[in-house]
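Student: Listed below are the residues making up each chain.
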Amino acid sequence: MDMLPTAIPALSDAFGMILQPIVFGYLALGVCMGLAIGVLPGLGGIAGLSLLLPFMYGMEPLLGLALMVGMVAVVPTSDTFASVLMGIPGSSASQATVLDGFPMAKRGRAARALSAAFVSSLFGGIVGAVFLTIFILAARPIVLLFRTPELLMITVFGLSMVGILAGRVALKGIVAACLGLLFGTIGEGASSGALRMSTYDTPYLADGLKLVIVGLGIFAVPEIIALLRKDKAISDRAPLGGGWADGIRDWWVNKWLSVRCSLIGVMVGVIPGLGGSVVDWIAYGHTVQTAREKSEFGKGDVRGVIGPESSNNAKEGGGLVPTLLFGIPGSGSMAIFISAVALLGSGQIEIGPSMLKFNLDFTYAIVWLLALANVIGTLICITASGGIAKLTSIRFALLAPLLFTIISFAAFQSRQDLMDLVALFGIGLLGIMMRRFDWSRPAFLIGFVLSDPAETYANQAVQIANSRFRKGFNEGIEYIFSPIVIVLILVTLAAIVVGLRQAKNISPEGNIQSGSKRAPLIFLLAILGYIVAAFWNASLIPDFSSADRVFPRFVAFVGIIGSIILFVQMMMNPEAHALFSDREKQDSDSNGYGLWPTLAWFAGLLALTSLLGFILALAAFLVSFIVIRAGKSISFAAVYAAAAIVFICMLAYLLNRDFPAGLLQSLVDLPWPLK
Amino acid sequence: MSIVNSTRRIAIVCAAAAASFATETAAGGHGIDLEGKTVEWIIPFSETGGSAKWANFYAPLLSEALPGNPTVVVKFMPGAGSTKGANFFQEQNYEDGTLIFGSSGSTQFPYLLGDPRVKYEYSDWNVVLASGTGGVAYLPPDLAAEVAKGGASAIAGEDFIYGSQGATRLDLVPLLAWEMLGLNVEPVFGIKGRGDGRLMFERGEANIDYQTSSSFLGGVVPLVEAGTAFPWFSFGALDGDGNIVRDPTFPEMPTFKEVCEETDGCETTGRRWEAWKAFFVAGFPAQKMVFLPNGAPEEAIKTYTEAFEAVKSRADFSEISAKRLGKYLQLTGSEAQGALASATQVPAAAKEFVVNWLNERYGVALN
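Order-wise, the sequence lines are chains W and D. With my numbering as the guide, the letters of the first sequence map in order to residues 10 to 684. With my numbering as the guide, the letters of the second sequence map in order to residues 33 to 399.
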């Protein structure tokens, strides 16, 4: 705290810097670009910053910072649109928002959910900035207290959120989480590079699956297919008028929840190594655990929107601490931010440990630009939310092709490989089945997200602890059981107990009737089959790479035990039991189209892409879909397809990306964008 | 698949023929003009790595220096530890000089070690720039004090923990160096970048670490000033004759070679030393290189070489590059070719030594 005397003048300098019209203008420009990028599902801060990077060289540092901070700050604000309106997690920061936000949109309360979300985001962003203004001076020693065992325990705490999101049959949720963890281990192990469920002949799998694809596949694809089969609008009733004012009132009623979740966001964001991808789940878990009346969660409870949204913007502020103080990026977008700042001006700002000493004014400027960007972003979003919410009343057959275009493009950004689309389709199929049979998709996703940190930190903690134990027993114990670890263990145990007790009331997949025994049983056996294969595959890893073997084997073991118990339960219980939940049965009246014919459209897009490349395949897909499935005229379809293709080409041009190429492209040299 | 491959091969042969024809007709000109064109610079890593930083630094300067001032865009193609992007580049043939590739130590090492995924061949490419860097090993204060008293042998009994990205990566160079000094260093794998390794050191979990020069300046120098870290040695730099000399960025630090000479059991001759030196040269003094694809004509190479020379001779170059890249040689022309040769042509004995060492010490089975 000896820095306080220097902090106050730096703070006032910072405000002097920010409150200039030109800085404001650049900030607003950045905010607008950030909102535009964030609205598109699957594209986030990384895409946005890459867009700005070429302009950063030699730019006036303050203006460049305003532009970039404006962009980064509002991505978690505007990605709420996709989460709430379409049930598509716009980015990893708003996965939990889908759980209650989307059901609200289906009930015609989209505008209300959106405005509650935006006010929460704004508030979270400001709480984050205020907290950081003080905390940043004392942050260094506190952040350094979080060593590997502490990081491991936070990861385990994040995993314990599976408890509350496990669904009506807790065991199914646990097996789903195991499956997610196993999907996360696919590819090269972090410790000794042993391959899991992949070979060097399948280079795509050897690199592991990316979160963008898994997130879109597990949430977006199933929702799009489900809505398309009903062939109505997203909202099943007329939108309620004046919704946005209700949303603000909702937030005010739950303001303390919002404060708590903001603090959770900023604190988890501060800790380097977790990347904040679990913040929204932890906030959601906290929201549910502290709520008195829980029956509406998962079906459209506004608190389920306020909690995660308060945390995700606060997280961006917290994420600045490891970035600014240690020069260690908390996320992919922060990594680009660091290298972009080095390009500004004559390179006088160097992100890293010397930041507080030499650039405290800039540090504060960044923190408060972040808060200011949140204000501007929220105002724009709330103004727009009423209009954009009307999307939910459009017939879905007209919306779906465009959504598929965007998520295919976003998925393709992860590796620029046709396999990206195949993976999206495959994971989408898994997501569809999980949704159908009421296996918790959030549990799967939490498992996937935390798989890598859980494995890496566990291996590292064991290795370092061993070295400490060689020095002395006490030294080892002190290392493992620090006060922070003990507190985290207690919190985790409490979360598991409370979570499992309450899980029955919270159904992240909604209420689902039970059908016959056969289909759910086949799905369980398929999952068991994969887990057994993963176990066997991990067992083949030789001894010298054993660090890459232990984790997948352990998780698969738990998964196998869980699946076998489920199997026995299924044998013993009658068809009406919740074990046999089957959405096909429930939705049989409202589904106008079968699953397979609907899915065939997208399989067709995929197959055509592998032959003709993405753009030509897209043209054929869009025109024929609009004509055959949506029943519009050829000329309407042609205009629709042309508009969609121009849009996607613009996006690719700005981001300097090619499209997936097919067989045709390997034979003939075609000009961009066809190449 | 084989049909596709053979048709593709035919297409490549045709393209190559066309390209060589084009070359003949264009011969006699002085360099190529890129006016109104867009140069794509492929970086086989993600937007977030050190190569991205390096390419983003050079891209706008290169655009100014190339004839016709083309737009230079950096295109990221990550995957399979950079072998995916390099394999892609291998399949490309020279067309009009609008495609260049940036390789890194992480592209060189799998090539040298015979990684089965490597389908690229450096000798097919045309180097136009080679950028170097250095590395510094550092210790916590108590251990540094013991070293100051009794040299490396004084800490031979210590249990060292080092946060590592993987034994087959650049970390191979420090790991082998420490082993040569007789230290018992246990690498903790699975960290995502050298910054995480430094954090592990700052948290007191790791008690030995190294950083590349620019990261050392930005991240460790403040620790040195605060007294929580002490630099031990730099890996050194190469002089014109290929000898290891003191690093120009850290002239006050001894090189690893000097420390090794003072330490019993560490020899600066023989297979182990040659192997270390070969991989050090491949990983540091010529860490990042810019290439034109297979079949590039002389005037294209000349144009790019001149452009990079023009960048280097900017009045402000030493100032701006020292901040962003460190004070290192940025080689062009025949010097770049020399750097390429020393970075990619490792003596068979050195390669064999490292492959065996990786296998025995870390169980890494290559091939």
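Among the clues, some could well be false.
Stated by the list, open to error - Which bits of chain W does chain D cover? Going by a derived footprint, with three or more residues having C-beta under 8 Å, they are:
hint: 1; segment: 208–217
hint: 2; segment: 469–480
What the hints assert, rightly or not - Distance ranges between label pairs, derived from CB positions:
hint: 3; chain 1: D; residue 1: Lys-181; chain 2: W; residue 2: Leu-502; range: 45 to 55 Å
hint: 4; chain 1: W; residue 1: Tyr-209; chain 2: D; residue 2: Gly-236; range: 47 to 57 Å
hint: 5; chain 1: W; residue 1: Pro-14; chain 2: D; residue 2: Asp-348; range: 55 to 65 Å
hint: 6; chain 1: W; residue 1: Leu-664; chain 2: D; residue 2: Ala-342; range: 57 to 67 Å
hint: 7; chain 1: D; residue 1: Ala-397; chain 2: W; residue 2: Leu-502; range: 33 to 43 Å
As the list claims (entries may be wrong) - Simulated pairs of lysine-lysine, DSSO-like, Cα-Cα distance not exceeding 30 Å:
hint: 8; chain 1: D; residue 1: Lys-151; chain 2: W; residue 2: Lys-366
hint: 9; chain 1: W; residue 1: Lys-219; chain 2: D; residue 2: Lys-181
hint: 10; chain 1: D; residue 1: Lys-359; chain 2: D; residue 2: Lys-344
hint: 11; chain 1: W; residue 1: Lys-480; chain 2: D; residue 2: Lys-181
hint: 12; chain 1: D; residue 1: Lys-85; chain 2: W; residue 2: Lys-684
hint: 13; chain 1: D; residue 1: Lys-151; chain 2: D; residue 2: Lys-355
hint: 14; chain 1: D; residue 1: Lys-85; chain 2: W; residue 2: Lys-219
hint: 15; chain 1: W; residue 1: Lys-480; chain 2: D; residue 2: Lys-224
hint: 16; chain 1: W; residue 1: Lys-684; chain 2: D; residue 2: Lys-69
hint: 17; chain 1: D; residue 1: Lys-359; chain 2: W; residue 2: Lys-366
hint: 18; chain 1: W; residue 1: Lys-303; chain 2: W; residue 2: Lys-399
hint: 19; chain 1: W; residue 1: Lys-684; chain 2: W; residue 2: Lys-399
hint: 20; chain 1: D; residue 1: Lys-359; chain 2: D; residue 2: Lys-107
hint: 21; chain 1: D; residue 1: Lys-224; chain 2: W; residue 2: Lys-219
hint: 22; chain 1: D; residue 1: Lys-85; chain 2: W; residue 2: Lys-366
hint: 23; chain 1: D; residue 1: Lys-151; chain 2: W; residue 2: Lys-219
hint: 24; chain 1: W; residue 1: Lys-366; chain 2: D; residue 2: Lys-181
hint: 25; chain 1: W; residue 1: Lys-684; chain 2: D; residue 2: Lys-344
hint: 26; chain 1: D; residue 1: Lys-181; chain 2: W; residue 2: Lys-684
hint: 27; chain 1: D; residue 1: Lys-107; chain 2: D; residue 2: Lys-85
Think of the hints as simulated: they come from the structure by calculation, not from any bench. For every residue, glycine included, the Cβ atom is placed at its ideal position computed from N, Cα and C.
Student: Given the hint of 47 to 57 Å, is the C-beta distance from Tyr-209 (chain W) to Gly-236 (chain D) inside that range or not?
Tutor: violated, 38 Å
Student: Hint check: Lys-359 (chain D) vs Lys-344 (chain D), CA-CA at most 30 Å. Holds or violated?
Tutor: With Cα atoms ~12 Å apart, Lys-359 (chain D) and Lys-344 (chain D) stay inside 30 Å; holds.
Student: Need the status of pair Lys-303 (chain W), Lys-399 (chain W): alpha-carbon distance at most 30 Å?
Tutor: holds, 29 Å
Student: Using the beta carbons of Ala-397 (chain D) and Leu-502 (chain W), state whether their distance is inside 33 to 43 Å or not.
Tutor: Holds - the Cβ-Cβ distance for Ala-397 (chain D) and Leu-502 (chain W), about 42 Å, lies within 33 to 43 Å.
Student: Regarding the pair Lys-85 (chain D) and Lys-219 (chain W), is the alpha-carbon distance no greater than 30 Å?
Tutor: This hinted pair holds, its Cα atoms lying about 23 Å apart.
Student: Given the hint that Lys-181 (chain D) pairs with Lys-684 (chain W), does the C-alpha gap stay at or below 30 Å?
Tutor: violated, 65 Å
Student: What's the verdict on Lys-359 (chain D) and Lys-107 (chain D), does the C-alpha distance respect the 30 Å limit or exceed it?
Tutor: Holds - the C-alpha atoms of Lys-107 (chain D) and Lys-359 (chain D) are around 26 Å apart, at most 30 Å.
Student: Given the hinted pair Lys-684 (chain W) and Lys-69 (chain D), is their alpha-carbon gap at most 30 Å?
Tutor: holds, 17 Å
Student: Assuming the hint says 55 to 65 Å, is it satisfied by the Cβ distance from Pro-14 (chain W) to Asp-348 (chain D) or not?
Tutor: For Asp-348 (chain D) against Pro-14 (chain W), whose Cβ atoms are near 36 Å apart, the range 55 to 65 Å is violated.
Student: Quick one, are Lys-219 (chain W) and Lys-181 (chain D) close enough, alpha carbons at most 30 Å?
Tutor: Violated. Lys-219 (chain W) to Lys-181 (chain D) sits at ~50 Å, over the 30 Å cutoff.
Student: Sort out whether Lys-344 (chain D) lies within 30 Å of Lys-684 (chain W), counting only the CA atoms.
Tutor: Status violated; Cα separation ~36 Å.
Student: Compare the distance between the alpha carbons of Lys-224 (chain D) and Lys-219 (chain W) with 30 Å, and conclude whether the hinted pair is satisfied.
Tutor: holds, 16 Å
Checked against the numbered hints given earlier, this structure breaks hints 4, 5, 6, 8, 9, 13, 19, 24, 25, 26; the rest are met.
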